[in-house]
Amino acid sequence: SQTIHQWPATLVQPVGSPLSLECTVEGTSNPNLYWYRQAAGRGLQLLFYSVGIGQISSEVPQNLSASRPQDRQFILSSKKLLLSDSGFYLCAWSHAGTSGRGLRNEQYFGPGTRLTVT
Amino acid sequence: AQSVSQHNHHVILSEAASLELGCNYSYGGTVNLFWYVQYPGQHLQLLLKYFSGDPLVKGIKGFEAEFIKSKFSFNLRKPSVQWSDTAEYFCAVIPTSGTYKYIFGTGTRLKVLA
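In the order they appear, the protein sequences are chains U and B.
With my numbering, letter number 15 in the first sequence gets 15, and the count goes up by one each step, no holes.
With my numbering, letter number 56 in the second sequence gets 56, and the count goes up by one each step, no holes.
Don't read these hints as lab results, they were simulated from the structure.
Don't be surprised by glycine CBs; every beta carbon is placed ideally from N, CA and C.
A couple of the hints might just be wrong.
[As the list claims (entries may be wrong)] A short, non-exhaustive set of chain B residues, derived as facing chain U with CB atoms under 10 Å:
#	residue
1	Q6
2	I12
3	L13
4	V31
5	Q38
6	F51
7	Y100
Pulled out of the complex, with its shape left as it was, chain U reads as follows (with noise of 0.2 Å):
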C-alpha cells in the first residue's frame, strides 16, 4: 500500500533563516506530488506542483521554492523565512494514470508540518 510521511511534524524557526521541509511517497511510481499551505478559514492553497523530476509548477508567488529531486521526493523550500511564512503545510499526491478522468483522482494527505517563524 502506498504511504507519504512529510518530517519534521513541527518545526520553529526564526526569522530570516532557511526552511527545508520533506515529503517522501512509498508504495507507487511517478506521483503527481503537490504542497499546500492549509490556514485556518482559508482552506488549501496551492504552492506548487509537480508531474515527472524537475518539473515543478508555481502557483504563488512567495518567498518559497520547490524541487523534486527523485521520483518520490518533494521538498519545500526558503533562503530566508518570513514572518508570514507560518503555517501548516501539507504535501499530496495523486496518481499520474494513463489518459482521461483517471488522471485527476483523488489525492492522499501527508500529516503536514506545522511552521511557526519567530
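Go by the hints and put chain B onto chain U.
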C-alpha cells in the same frame, strides 16, 4: 478564475440531526469533484468523489453527495450525524483536462453536540 465556494463556515448540530453542506464551483467545463474530511489531529482523507454517471454518490460513514450540473453544485449530506462526525470538511474540484491543479473550498467546521 476557477473557484470553489463553501458558504457554511461553521455548523453546529445536535446528534441525529440531518446535515447538508453546500459546495458550488465556478468552471464552465467538465470537472471531477471531491469531498474531503479532516478529523481533529488526523490527515485529510477522502469522503467521496464524483467523476461521471449517477449524480448521487455515496461515500464512507454514511455520507452522500449530489452533483447538480445546472447549479454547479456538489452538496454533501448525511441523514443523521454523530458526535464522531465533528471535523472540517473540504470540497474540491479539478477540471478533467488542461491542468493538474485541484481547487479547494475554504472548508466547513462541523461540531456535533452529544
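Hinted contact Y100 (chain B) with chain U - closest CB pair below 10 Å: Status holds, d = 6 Å.
- request: Could you check if L13 (chain B) really has its C-beta closer than 10 Å to a C-beta on chain U?
  value: Constraint on L13 (chain B) not satisfied, violated at 20 Å.
Supplied contact hint for Q38 (chain B), tested at 10 Å Cβ to chain U: With a minimum Cβ separation of about 9 Å from chain U (threshold 10 Å), the hint on Q38 (chain B) holds.
query: Under the criterion of a CB-CB separation shorter than 10 Å, is F51 (chain B) in contact with chain U as hinted?
result: Given a least distance of 5 Å, the restraint on F51 (chain B) holds.
field: Interface hint compliance - I12 (chain B) to chain U, C-beta minimum distance less than 10 Å
entry: At about 16 Å, which exceeds the 10 Å cut-off, the nearest Cβ of chain U leaves the hint on I12 (chain B) violated.
- prompt: Taking the least C-beta to C-beta distance, is V31 (chain B) closer than 10 Å to chain U?
  reply: This interface hint holds because 9 Å falls under the 10 Å limit.
message: Given a cut of 10 Å on the nearest C-beta pair, is the interface hint for Q6 (chain B) held or broken against chain U?
response: With Cβ-Cβ at 8 Å, under 10 Å, it holds.
Going down the numbered hints, you'll see the structure goes against 2 and 3, while the others check out.
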